[in-house]
Every structure is written in C-alpha cells, then in structure tokens.
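Peer 1: The residues making up each chain are set out below.
Number of protein chains: 2
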Amino acid sequence: MGKIYVVGIGPGCEEMMTLHAKNTIEACDVIVGYRTYIELIRKLYPGKEFIESGMRSEIDRCRTCLELAKEGRTVALICSGDAGVYAMASPMMETALDDGFSDVETVPGVTAAQSGSALLGAVIANDYCTISLSDLLTPWDVIEKRLRCAAEGDYCIAIYNPSSHNRAGYLKRACSILLEILPGDRPCGYVRNIGRDDTSVKVCTLSELCEEQTDMFTTVFVGNSATYIKCGRLITPRGYDIK
Amino acid sequence: MGKIYVVGIGPGCEEMMTLHAKNTIEACDVIVGYRTYIELIRKLYPGKEFIESGMRSEIDRCRTCLELAKEGRTVALICSGDAGVYAMASPMMETALDDGFSDVETVPGVTAAQSGSALLGAVIANDYCTISLSDLLTPWDVIEKRLRCAAEGDYCIAIYNPSSHNRAGYLKRACSILLEILPGDRPCGYVRNIGRDDTSVKVCTLSELCEEQTDMFTTVFVGNSATYIKCGRLITPRGYDIK
Numbered sequence: 055m056g057k058i059y060v061v062g063i064g065p066g067c068e069e070m071m072t073l074h075a076k077n078t079i080e081a082c083d084v085i086v087g088y089r090t091y092i093e094l095i096r097k098l099y100p101g102k103e104f105i106e107s108g109m110r111s112e113i114d115r116c117r118t119c120l121e122l123a124k125e126g127r128t129v130a131l132i133c134s135g136d137a138g139v140y141a142m143a144s145p146m147m148e149t150a151l152d153d154g155f156s157d158v159e160t161v162p163g164v165t166a167a168q169s170g171s172a173l174l175g176a177v178i179a180n181d182y183c184t185i186s187l188s189d190l191l192t193p194w195d196v197i198e199k200r201l202r203c204a205a206e207g208d209y210c211i212a213i214y215n216p217s218s219h220n221r222a223g224y225l226k227r228a229c230s231i232l233l234e235i236l237p238g239d240r241p242c243g244y245v246r247n248i249g250r251d252d253t254s255v256k257v258c259t260l261s262e263l264c265e266e267q268t269d270m271f272t273t274v275f276v277g278n279s280a281t282y283i284k285c286g287r288l289i290t291p292r293g294y295d296i297k
Numbered sequence: 055m056g057k058i059y060v061v062g063i064g065p066g067c068e069e070m071m072t073l074h075a076k077n078t079i080e081a082c083d084v085i086v087g088y089r090t091y092i093e094l095i096r097k098l099y100p101g102k103e104f105i106e107s108g109m110r111s112e113i114d115r116c117r118t119c120l121e122l123a124k125e126g127r128t129v130a131l132i133c134s135g136d137a138g139v140y141a142m143a144s145p146m147m148e149t150a151l152d153d154g155f156s157d158v159e160t161v162p163g164v165t166a167a168q169s170g171s172a173l174l175g176a177v178i179a180n181d182y183c184t185i186s187l188s189d190l191l192t193p194w195d196v197i198e199k200r201l202r203c204a205a206e207g208d209y210c211i212a213i214y215n216p217s218s219h220n221r222a223g224y225l226k227r228a229c230s231i232l233l234e235i236l237p238g239d240r241p242c243g244y245v246r247n248i249g250r251d252d253t254s255v256k257v258c259t260l261s262e263l264c265e266e267q268t269d270m271f272t273t274v275f276v277g278n279s280a281t282y283i284k285c286g287r288l289i290t291p292r293g294y295d296i297k
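Same order as they appear, the protein sequences are chains A and B. Residue numbers for the first sequence follow my numbering, so the first one is 55 and each next one is one higher. Residue numbers for the second sequence follow my numbering, so the first one is 55 and each next one is one higher.
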C-alpha cells in the first residue's frame, strides 16, 4: 500500500514552503492538486507526474489520491497555505478513513492569516479568529453568527474568501454585521495575491472596507479594539509597556 | 542603518522552517532571541553571533535589536511558531516605530494551531479561534469573554499557553467556562512539544480535558459541533458530502 501526504505549500512561492513540504513532495510518486496550485510548483519538480483538477471537484480529487495510494503509490495532495485550514486534510482523511485506509499524513504550511498579517505589519498578534465568507459549505446564518461572536469577543479577525464572481457583495454584508458592534474607524487591511508576483497591500478603516472591491485571492483583516495604524503598518499591541 | 527581521522558525525543527526563514537568518549579522529558541537553531548557524535572553525580557530584547540595527547591523529576532501570533513582531514594530526606525520586516512561520492540528488529524479545518490563557498581558475577564464567544460561535478553538508553573489550574477554569455552553463529550485533543524530539499527542473529550495536566509547551484543541474522532484522529468536516 502507498501513502497520502496532504501538503500545505504556503502562499505560493518556493521560499515560503517549509523544507518538510518541499522534500515530502519531492519524495512522492505523483502530485495531485487544484490546477492553480499545481502551476505554482510545477517548475520545482521537473519530470514528476502531476494530476490536476478544477474547482468544486475536491472529493473526486480525494478519491483519485486514494486509488493511487491503494495501487501502492505515494501521493502528495497539495494545498495553498496550510494543509488543514479551509483545505484538503479534512476531506482527504474523511474519504480515506471511510474506505478503511488510514495512511494519511498532514504536512502543515504557512496560512494566509499569518503571511498576510506579516505584510500588513503585525495585526494578528493576539487572540484571533479566521472566518470564511464562502457559503458553499457553511450556511450564511452560521457565518453571520460567527462574525458577531468574533466582534463581541474583541478578536482580531482574518476573513478568507471575502468574495468571488458568484458572491459579489458578501464582504459588504459581513462589514455591515461587524459595524453593528464595531466602530467605523476600526483599523483594517487586506492583502491580495500573497506570496505571488503582484502582491498588493492596503490599510483602511472598517467603514472604508465596506466599499472595497476584493476577490477570492484576497485575505481581509479586521483589528481588535487596541489595533492602530502607524507609518502605514497595522499593529495590534500585545499589552507590553514599550516605554 | 541596518535592518530588523522578525522571523518565525516554526515549531522547532529545521525542516519545519520555511526556506525564507532559514535564508533570512543566514544572511543576518546577529541572531537575537529567547534562550530556548536560540538553542533550537544554534547548530544550523555555526560561527554566527547570538544574543540570548530569558523570559519576561521581551522589550529589552526589542531594544537590543533596535540598537544593533541603528549601528548598521542586520538583525534576526527569532520566534517559535509564527513571528506574529503571541510573538515578537508586534512589540518589535512598536519599539522601533516609537523611535522613528521603520526598517522592520516580518517573516511568517507555521504556528502551533496548524502544526498541532496536523498531528491530531484535521481539527483546524474550518473557522477557528486561537486564545492564549496567559493573563500576564490580557486580563482574565477578557480571556473568559473570548472563550464564551468562541463556544457560542461554534468555532474550533486552539488554546495556547494552557498553563504554566504560576498558572496551574487555568486550563480547568477555561474548560469549566466552555462546558457552560458545550457538551462534555465534545472531541478535544492536545499536543506537547510540537516539532521536537519528544512530541506527544492525545485525543480526549472536553470533560476529560478538564482533568488533564498540561504545560506551557502544550497546545490544546477543542472541536466544533461537527468534529468527530475516528481511528484516533480528530477530524472537523468542512461540509462536503464524501459518499
């Protein structure tokens, strides 16, 4: 029997992979993943066998990995960012264990909450939540409840999947909910295309964030009550007296 | 003028560092950090200058980095896990900007929420919170409020700093608060010494977690309402129909 590794490759560039992720993929017989992520790493592994698929075929992708592993092959199922956060470790493990196959290992990676925060300054520095605005798998009323709880708990918030072609306006809806609890001048920011050639970073207020145009390659950040902007950086103090 | 890099080295072993973290430290003139973290990487950088300090001297450590940078040196301030999450990016940026020095860059790393979840299976797979139980910098009533909001929002929860010599019993207090909202059979787990030689992993229920002994090198995980245990793995479904 083979083995399946679910590997987080980080934001997308080679240098943001861990050595473990890089070596694990190198040691596998075949690399499986969403087309866009395969393109990010293809040049690092010349001569390897790649199997790519499109969006919304996540469970088919897991079944492909399982079949390959049962044929005795070692398989790397790649994910951008971490392998667990809104990624493939969970569906892959469910699919494999459901079929009695347990040789699945997760290789973690740097997730967008951390890499985006680093580009903005130090916004995710204290207790934080991540929330995805995609309602394909989570009902919108659950998302709404989580947004309210995050605001009431004074968490820093990282918002994944703030909008997409079919979900234009979701970020505005989320901001409206947050604005019922948080002030309009709450420091926020967002990062587009983290770790890729055309990364862009913007710092703004929560009121301004309502009107911003984002896409599925954007990660959005909302500060907690102590977060401030200085020299263009978004900083959440940890509580030290720095004087 | 020099430059300061705040670098997350991941859980502690070389292979869980990103290439960017490893190369950034290599390119710096001097490496500054908490004694325990310096020991984790010292052998990777033979001949380098190291400046180590003890716990609770975080702001002194930042000032040391700032002085070195103002003397024209490039400095790596290292953190375990990520450079931002309960780490040094925020106090370093505050200290530097307060003094008019802005050449501070953050190099993110794999945080314990992701590396611990990978060892337990796939518990951090959907919306999640991280909460530190250390009340050195955050008042306990804020921590308590955040625990309640996390439970009410049906978040997966990663608990950092569950206890220490001076905070024995804090995890039990936190579990008692969660148990006001969550059922006693809620799947949980914890990981000790992630990425080091003597890593240990345990899966249990929330009621059992109340009685567990943990320390400051332990990260604790509480599942959401969909999390289940199968073949010893802690899995939070993302909502896919895997049949």
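Warning: the hint list may mix true and false statements.
Heads up, the list lumps identical chains together, so a pair's fine if it works in one copy or across two of them.
Taking lysine-lysine pairs in the BS3-like style, the calculated list, with each CA pair at most 25 Å apart, reads [unchecked claim]:
(1) Lys57 <-> Lys102
(2) Lys124 <-> Lys57
(3) Lys256 <-> Lys124
(4) Lys297 <-> Lys199
For the record, the hints were derived by calculation from the structure and aren't laboratory data.
Peer 1: All the hints need checking, so say for each whether the structure fits it.
Peer 2: Each hint tested on the structure:
1. Lys57 <-> Lys102: within (17 Å within a copy, 40 Å between copies)
2. Lys124 <-> Lys57: within (8 Å within a copy, 51 Å between copies)
3. Lys256 <-> Lys124: neither (47 Å within a copy, 28 Å between copies)
4. Lys297 <-> Lys199: neither (39 Å within a copy, 29 Å between copies)
When the structure is compared with the earlier hints, violations turn up for hints 3 and 4 and for no others.
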